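So the sequences go chain by chain: A and B.
Going by the working numbering, the first residue of the first sequence is number 1, and it counts up by one from there.
Going by the working numbering, the first residue of the second sequence is number 1001, and it counts up by one from there.
These aren't lab readings, by the way, just hints derived from the structure by calculation.
Here the structure is a predicted model, which is why all the values come from computation and not from measurement.
One thing to keep in mind: the hints can contain errors.
[Stated by the list, open to error] Simulated pairs of lysine to any residue, SDA-like, Cα-Cα distance not exceeding 20 Å:
#: 1; chain 1: B; residue 1: 1035; chain 2: B; residue 2: 1010
#: 2; chain 1: B; residue 1: 1042; chain 2: A; residue 2: 137
#: 3; chain 1: B; residue 1: 1035; chain 2: A; residue 2: 137
#: 4; chain 1: B; residue 1: 1042; chain 2: B; residue 2: 1011
#: 5; chain 1: B; residue 1: 1042; chain 2: B; residue 2: 1014
#: 6; chain 1: B; residue 1: 1042; chain 2: A; residue 2: 136
#: 7; chain 1: B; residue 1: 1042; chain 2: A; residue 2: 139
#: 8; chain 1: B; residue 1: 1035; chain 2: A; residue 2: 136
#: 9; chain 1: B; residue 1: 1042; chain 2: B; residue 2: 1152
#: 10; chain 1: B; residue 1: 1035; chain 2: B; residue 2: 1015
#: 11; chain 1: B; residue 1: 1042; chain 2: B; residue 2: 1239
#: 12; chain 1: A; residue 1: 34; chain 2: A; residue 2: 45
#: 13; chain 1: B; residue 1: 1035; chain 2: B; residue 2: 1014
#: 14; chain 1: B; residue 1: 1035; chain 2: A; residue 2: 134
#: 15; chain 1: B; residue 1: 1042; chain 2: B; residue 2: 1020
#: 16; chain 1: B; residue 1: 1035; chain 2: B; residue 2: 1012
#: 17; chain 1: A; residue 1: 34; chain 2: A; residue 2: 44
#: 18; chain 1: B; residue 1: 1042; chain 2: B; residue 2: 1066
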Amino acid sequence: MLTQDHATPRPYPAGGPPPGQARRPTGASALEAKALASARLSARRRRIRRIRTTVVAIATALFLALWAVIFTELVTGHDPALAASSAKSAATNATVASTAGTARTSGSTGSGSGSTSSGSGSTSSSSSASTGSTTTAVTTSQS
Amino acid sequence: MVQITAPAEAGEVFECFGSSCSAFVSGDGSGGGAKQAVTAVKRRMGEWQAQFSRFERASELARLNADPRATVPVSPMMARFADTAAAVGALTGGLVDATLVSEIERAGYASHFDSPPIPLASALALAPPRRPAGPSAAGGWRELSVDRAAGTITRPPGLRLDSGGVAKGLFGDVLADALADHAGFAVDCGGDVRLGGAAQLPRAVHVAGPFDDSVLHTFELIEGAVATSGIGKRSWLTADGRPAHHLIDPATGGPAYTGIVQVTALAPTAVMAEALAKAAILAGPEHADAWLSHGGVVVYDDASYRVIPPTPDS
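So here's chain B without its partners, still in its complex pose:
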């Protein structure tokens, strides 16, 4: 009988990136104790929120998006984000494209989203016929070029970046690297969860449902990442009464209604989990599983769901 005992965890749940975030850390690390680590995580998330906001004119991302130059000097973290956005575009064959800012704004998401979402069942009743999304021929992500050594991003002026889920995944991965020498940790960057730690302790990760926040499934994970993406939380009605949300079909430029309302994906990193979750939703029911080789949960329009079991060495 092996007894695994973890030191008590320090933790905090807080609002950031327009959603609920949390950090739990146990044991000492190179940066100090668990409590200090949690404080540092919260502080860094707050700094990134200010740096990567699409809606704050003073943010680095907003200044980059408005910059008329083709090549723009940026901070190391912004360069890394742009690099990640291009990589996610390549990984998903253009299904997940972080350059669809104009399309998101046309759909109605041009400012902070602080109104309550429309009920998912109502949105689905009003939604257009379901069809899988597809990549855009233009593929703005292909236009991104990053020189990390020089600290510059090159793209056609006017091509804008949306931080969205890709940035949150990146934040989770960066924080995970910083917390790796603690006994255990879990950071939730608004739905993108990264967990691990030197003590290899298992942790329960609950998957909340999109219709009523009930727990659909619980994974027991030692390390890795879990990301959930869906069309239920950031949704609204357009001026002409049509439902809309923030997951854009690159092929049409409009909100994607594919028959899937939420996907949770498991992956080694939060960026990959985020990319796979979004790609699975956009691919639609017939092709979603192909994106979930590490495991996950798919929730369909009719509220039924399917669990793809995690594979230990998938």
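Isolated chain A (complex conformation):
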């Protein structure tokens, strides 16, 4: 059972509350404080929700934009990873007709820091070609 002392807060003695303690509101002012705190909490929650929504929206938009770019490149056959081989194979059909007993080439590419000689593969372009070739690359090395 509640006593009067518990139901009605007693004011601090003259001179205010002890150091480190806030003045306890009384009556209507306590209700106002509660409403104020509630309003502040609601505002904070709205702000958090707004920020979260903004972040998710931006991330989703960025992802979709990037996905659309990559998808478009792949669909149109402009995969950057295949660009080099596509460029090389563009000369594929430029390979001149082979005579018996000759190697037929479609191009050559260099890498590394060696003293690579320059010079064209001396192929003459006759038509362009893009290749969906699935041939596996092979490596020749000393045995």
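Based on the hints, put chain B in the right spot on chain A.
This is chain B only, laid out in the frame that chain A set:
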């Protein structure tokens, strides 16, 4: 715009001839599907390994080398190999001589090579002064006589044959003939690559470097052959601490140090590519290019390299 589409390839990489080999085939051929063809390639390579091993006493090559008769009946494939060895000797003016078995054994290569090679840079530091190799006056390859119809090889008893790269080139060419009606194919007989196919599909062929296996260059080829030969992989130190390897200078009978450590040669056939690659190494830096009229890559002692562009109808 022409769209070239290849059927999916069947392929396998496997160990054979003491090195890595592979076969890739697409499309059906007279012998069956791509997968069957790959299986057949692997099986045939295994059979040839047993038949042409210099180190297995029961192999046909070992029995031929030990046979005291001047004329020896052999299998069609052995006759073809001996014929090819003589042709390679003639093509290279004796620079590439498949009869230098005693010289290779004296250099220290008398059994299966299964130890790791000495680092190439270390071997080069210990190697004798560089000089181009030359043909031997004796030229054992000149003594080879093959009667393919009779199935015999005639040579002075004691003249022995080393299968080596020439045999691997031959295997590649034989397999290429068998796979020609497939849409595409590539067979790698331990560094001797043969590729082609009815669909005329381009294929990337990477050239691995001798010092660190990095890719030095990539050729895009439709058909033909690529062979790489060098002094880096099968190398060792002799009992007295000198470096040695399997590429013999016919003129001296010892390992050749010419200033070139590796050559990749392009050619219409694997036998020719193999012969040209070896001849270019042995000829040395000044004359190597003359052997690479179809294109190739030359790697020098200092790790620099030079690419001779392929010519479409060279």
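Checked hints:
1. B:1035 / B:1010: Answer holds: residue 1035 of chain B to residue 1010 of chain B is near 5 Å, not above 20 Å.
2. B:1042 / A:137: The hint holds at about 18 Å.
3. B:1035 / A:137: With Cα atoms ~18 Å apart, residue 1035 of chain B and residue 137 of chain A stay inside 20 Å; holds.
4. B:1042 / B:1011: Distance ~10 Å between residue 1042 of chain B and residue 1011 of chain B Cα, so the pair holds.
5. B:1042 / B:1014: 8 Å, holds
6. B:1042 / A:136: Within the cut-off at roughly 17 Å; holds.
7. B:1042 / A:139: At roughly 18 Å apart (the allowed maximum being 20 Å), residue 139 of chain A and residue 1042 of chain B satisfy the hint.
8. B:1035 / A:136: The given pair, whose Cα atoms are some 14 Å apart, holds under the 20 Å limit.
9. B:1042 / B:1152: With Cα atoms ~27 Å apart, residue 1042 of chain B and residue 1152 of chain B exceed 20 Å; violated.
10. B:1035 / B:1015: Holds - the C-alpha atoms of residue 1015 of chain B and residue 1035 of chain B are around 18 Å apart, at most 20 Å.
11. B:1042 / B:1239: At roughly 37 Å apart (the allowed maximum being 20 Å), residue 1239 of chain B and residue 1042 of chain B break the hint.
12. A:34 / A:45: 16 Å, holds
13. B:1035 / B:1014: 15 Å, holds
14. B:1035 / A:134: This hinted pair holds, its Cα atoms lying about 15 Å apart.
15. B:1042 / B:1020: Answer holds: residue 1042 of chain B to residue 1020 of chain B is near 12 Å, not above 20 Å.
16. B:1035 / B:1012: 9 Å, holds
17. A:34 / A:44: It holds: about 15 Å lies between the C-alpha atoms, which stays within 20 Å.
18. B:1042 / B:1066: With Cα atoms ~28 Å apart, residue 1042 of chain B and residue 1066 of chain B exceed 20 Å; violated.
The structure fails hints 9, 11 and 18 (numbered hints given earlier, in ascending order).
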